[in-house]
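A.B. asks: Given chain A, work out where chain B should sit, using these hints.
Protein chains in written order, with the working numbering: chain A, 1 to 438; chain B, 1 to 438.
Some hints could be false.
No copy is singled out in the list; a pair is fine if it fits within one copy or between any two copies.
As the list claims (entries may be wrong) - Pairs of lysine-lysine residues, derived as DSSO-like cross-links and limited to a Cα-Cα distance of at most 30 Å, are as follows: (1) Lys23 to Lys172; (2) Lys227 to Lys289; (3) Lys188 to Lys227; (4) Lys289 to Lys397; (5) Lys227 to Lys186.
No lab work stands behind these hints, which were simulated from the structure alone.
2 protein chains.
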Amino acid sequence: MKLEDLIIVSVDDHVVEPPDMFKRHMPKELLDKAPRSETNADGSNRWIYEDRVVAQMGLNAVVGRVEEEYGMEPNGYSQMRAGAWDLKSRVDDMNVNGILGSICFGSFVYFDGGFFLPSKDKALTYRVIQAYNDWHIDEWAGSAPGRFIPLAILPLWDVGLIVEEVKRVVAKGCHTVTFPDNPAVKGKGLPSIHDEVWEPFWRVCAENKVVISTHIGTGSAPPFASKDSPIAAWITSMPMAISNSAADWLYLSALRRYPDLTISLAEGGIGWIPYLLERADFTHGHHGKWTNSDLGGRTPSEVFRDHFLSCFIVDKFGIENRHAVGIDTICYECDYPHSDCVWPRAPEILFDSLTGVPDHEIDKITHLNAMRRFSYDPFTILGRENCTVGALRAQAKHVDTAPRSFGGGRPVEVNSTKRVTAEDVERMFAANEGKSAA
Amino acid sequence: MKLEDLIIVSVDDHVVEPPDMFKRHMPKELLDKAPRSETNADGSNRWIYEDRVVAQMGLNAVVGRVEEEYGMEPNGYSQMRAGAWDLKSRVDDMNVNGILGSICFGSFVYFDGGFFLPSKDKALTYRVIQAYNDWHIDEWAGSAPGRFIPLAILPLWDVGLIVEEVKRVVAKGCHTVTFPDNPAVKGKGLPSIHDEVWEPFWRVCAENKVVISTHIGTGSAPPFASKDSPIAAWITSMPMAISNSAADWLYLSALRRYPDLTISLAEGGIGWIPYLLERADFTHGHHGKWTNSDLGGRTPSEVFRDHFLSCFIVDKFGIENRHAVGIDTICYECDYPHSDCVWPRAPEILFDSLTGVPDHEIDKITHLNAMRRFSYDPFTILGRENCTVGALRAQAKHVDTAPRSFGGGRPVEVNSTKRVTAEDVERMFAANEGKSAA
Numbered sequence: 001m002k003l004e005d006l007i008i009v010s011v012d013d014h015v016v017e018p019p020d021m022f023k024r025h026m027p028k029e030l031l032d033k034a035p036r037s038e039t040n041a042d043g044s045n046r047w048i049y050e051d052r053v054v055a056q057m058g059l060n061a062v063v064g065r066v067e068e069e070y071g072m073e074p075n076g077y078s079q080m081r082a083g084a085w086d087l088k089s090r091v092d093d094m095n096v097n098g099i100l101g102s103i104c105f106g107s108f109v110y111f112d113g114g115f116f117l118p119s120k121d122k123a124l125t126y127r128v129i130q131a132y133n134d135w136h137i138d139e140w141a142g143s144a145p146g147r148f149i150p151l152a153i154l155p156l157w158d159v160g161l162i163v164e165e166v167k168r169v170v171a172k173g174c175h176t177v178t179f180p181d182n183p184a185v186k187g188k189g190l191p192s193i194h195d196e197v198w199e200p201f202w203r204v205c206a207e208n209k210v211v212i213s214t215h216i217g218t219g220s221a222p223p224f225a226s227k228d229s230p231i232a233a234w235i236t237s238m239p240m241a242i243s244n245s246a247a248d249w250l251y252l253s254a255l256r257r258y259p260d261l262t263i264s265l266a267e268g269g270i271g272w273i274p275y276l277l278e279r280a281d282f283t284h285g286h287h288g289k290w291t292n293s294d295l296g297g298r299t300p301s302e303v304f305r306d307h308f309l310s311c312f313i314v315d316k317f318g319i320e321n322r323h324a325v326g327i328d329t330i331c332y333e334c335d336y337p338h339s340d341c342v343w344p345r346a347p348e349i350l351f352d353s354l355t356g357v358p359d360h361e362i363d364k365i366t367h368l369n370a371m372r373r374f375s376y377d378p379f380t381i382l383g384r385e386n387c388t389v390g391a392l393r394a395q396a397k398h399v400d401t402a403p404r405s406f407g408g409g410r411p412v413e414v415n416s417t418k419r420v421t422a423e424d425v426e427r428m429f430a431a432n433e434g435k436s437a438a
Numbered sequence: 001m002k003l004e005d006l007i008i009v010s011v012d013d014h015v016v017e018p019p020d021m022f023k024r025h026m027p028k029e030l031l032d033k034a035p036r037s038e039t040n041a042d043g044s045n046r047w048i049y050e051d052r053v054v055a056q057m058g059l060n061a062v063v064g065r066v067e068e069e070y071g072m073e074p075n076g077y078s079q080m081r082a083g084a085w086d087l088k089s090r091v092d093d094m095n096v097n098g099i100l101g102s103i104c105f106g107s108f109v110y111f112d113g114g115f116f117l118p119s120k121d122k123a124l125t126y127r128v129i130q131a132y133n134d135w136h137i138d139e140w141a142g143s144a145p146g147r148f149i150p151l152a153i154l155p156l157w158d159v160g161l162i163v164e165e166v167k168r169v170v171a172k173g174c175h176t177v178t179f180p181d182n183p184a185v186k187g188k189g190l191p192s193i194h195d196e197v198w199e200p201f202w203r204v205c206a207e208n209k210v211v212i213s214t215h216i217g218t219g220s221a222p223p224f225a226s227k228d229s230p231i232a233a234w235i236t237s238m239p240m241a242i243s244n245s246a247a248d249w250l251y252l253s254a255l256r257r258y259p260d261l262t263i264s265l266a267e268g269g270i271g272w273i274p275y276l277l278e279r280a281d282f283t284h285g286h287h288g289k290w291t292n293s294d295l296g297g298r299t300p301s302e303v304f305r306d307h308f309l310s311c312f313i314v315d316k317f318g319i320e321n322r323h324a325v326g327i328d329t330i331c332y333e334c335d336y337p338h339s340d341c342v343w344p345r346a347p348e349i350l351f352d353s354l355t356g357v358p359d360h361e362i363d364k365i366t367h368l369n370a371m372r373r374f375s376y377d378p379f380t381i382l383g384r385e386n387c388t389v390g391a392l393r394a395q396a397k398h399v400d401t402a403p404r405s406f407g408g409g410r411p412v413e414v415n416s417t418k419r420v421t422a423e424d425v426e427r428m429f430a431a432n433e434g435k436s437a438a
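The following block holds chain A by itself, in its conformation from the complex:
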């Protein structure tokens, strides 16, 4: 296969919600109660809902910057490449990066929509969530047919409403929802995935082939070792922190009842998965007589292969061991517009890691697994020949990809050679919050 012939679908990207997103989707009489985007005196932006201010309106949306600025937190739309929040620019940036399709997690609502959990007026919030999904499905994804796998957020506090909303978005053609990788963590206080309260949610997802997309950081926050710990160490170990939740999901009893229930581990990487599965199988066998960890005759690794999706940005080791991961479980992710993304060179870096992989396996990894599990069929809409890296890039000759300086909050002084620590980054975020509240 040639690089130009790759067809690449990304199951983990992000959208920074544009300021007018609710305008066309909330009833006029409720629009002033929807979350509103404000511009601060210094030109930075913030979202406000009820009495809460969201300072991180563009979390880590640093794509297109010079590398020195990858760690600088954007404070406003003007500090981001337009592709972060503008649909037409996003499609341009997908084209120039050879990305056919994309799942976009939200930003100010958190990756799992958890921002709305502590809201006061739950009836209003349910309406806001519906408007959010209408914007995401009809306006964002709907304006570029065949280019997005729409992703819905859920009213996490009420499983009855969750089921209603899943049915509503399925009717619009949406086949994945975002859900915390661990709903039982302190900050969320929801029942654990093993609580029977969730049963109607599992059922509605299975019956409608709706994939549950769980993104790293939506359960237990990936820990950093100490405030002195270099930020590089935290970035390094962050993705595989989802392994704890992955092990927990393996034992979800609903996976025995619903063959079509699928869990996607977003931004977790793949190279560590064979270790986890061997360890899970060992534990299941060696400890099974006292743990009563019944999986209905399957081993944990079999459960994984039947029900899970994984994805990677750069993961040569995982690709080399793709059969130990599970060739039918692996998807690609771009992580646009976050700092780990390798835009606009994703095809080159991906292609390099695919050396020696047979074409039919490349196709599974780059798009067929995602298309099958997410009920996504771009070929019918666009024609397969228009979906390749080569074809998409041919439409993007006008896109300027030169790295630029955008500004934003800084973890350390300009030109400092001080090693950036977890504490520096926390301080940067706190300064952003201070700015917004001013």
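C.D. replies: Quick look at chain B alone, frame taken from chain A:
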């Protein structure tokens, strides 16, 4: 290579401290102030020091039990196989399991000796720690020449005393010390590994070729997803929880100054390491211009290969990918007498995972890496021909390895088929504490 010709050194086992351990090592006038082992009315045991009672005197020492009892917490010496705490029985159990050499982490003192951190009388406690190390080095390891790699605990609250104690135990031939995988966690409150206060500790270890052994669970406790989470999930993801600390240690600046400084990641497994190293190298390259994560010209994976040791119990995937881990970094561990250990079949299970591995690489993994890095030379003492699985097992014909019932705290009722959860296991530990306090 034949199974009988394997020479196996384990760099992670545990000793349950025997009740009279301080008798021959504390000055007579201080003996009544040393930690003392008491027998409760029901025959169970507990340790007491100052005003603190340690309920978990034999944490997870379940080797030799019927499999149904692996999860039952032993409450006393009578509920454990004697090899957990009795030297002669331990050597028998090593022989029958084909284990030549062993590093034994402590039990009531915690794996990192952290039990002594909050003690009131620090002068007394320093003396207790010296007595503990004298017992461990002179009596436990000393009574079976060539069979143990002695491991010292440290007065963690004072780096000056640490340096003194390291020098003292080095003079006795001890070349490894236990240290928290993350000293900065809340429960310990020590400076992070990046604090310059530790400089004399790094130096004395490097200058004396003393390996810093960090055991999982001594920094951040490996998390469980929720109280409802099956204990099988927790056991599964527990070892790789050390990946967070491993990433942090990669950036220890002392590793640039001291070529001989070595960190051992005990009980962490190995199969996930190639993923972490690729991720670390990517992070170092992709984010380096803003993180200032200077490693003096080496990549993180090079730092790992130069300074780290890893180990595994059962890890076929890791062995298959031994060169991606680093062939000179891998050691074996038995984890006797804990529930993950596969006594007395360690050689069979290890041998099975070594299929296709050349002999000289098998030797590195099974003993040469450990011998070199831990300055351990059993061949001179015992003769190489007496160190093989075959030779050791020939001395153990009298050892009865039949699984037995020992009793102890139960996580769930006898014959219950209820899936054992993290909460069940926590409740079992709490019940043990209640018993001891009575």
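A.B. asks: Does each hint fit the structure? Answer for all of them.
C.D. replies: Hint-by-hint comparison with the structure:
no. : hint             : verdict
1   : Lys23 to Lys172  : within (20 Å within a copy, 76 Å between copies)
2   : Lys227 to Lys289 : between (42 Å within a copy, 20 Å between copies)
3   : Lys188 to Lys227 : both (24 Å within a copy, 15 Å between copies)
4   : Lys289 to Lys397 : between (62 Å within a copy, 29 Å between copies)
5   : Lys227 to Lys186 : both (21 Å within a copy, 12 Å between copies)
Comparing the model with each numbered hint stated earlier shows that all of them hold.
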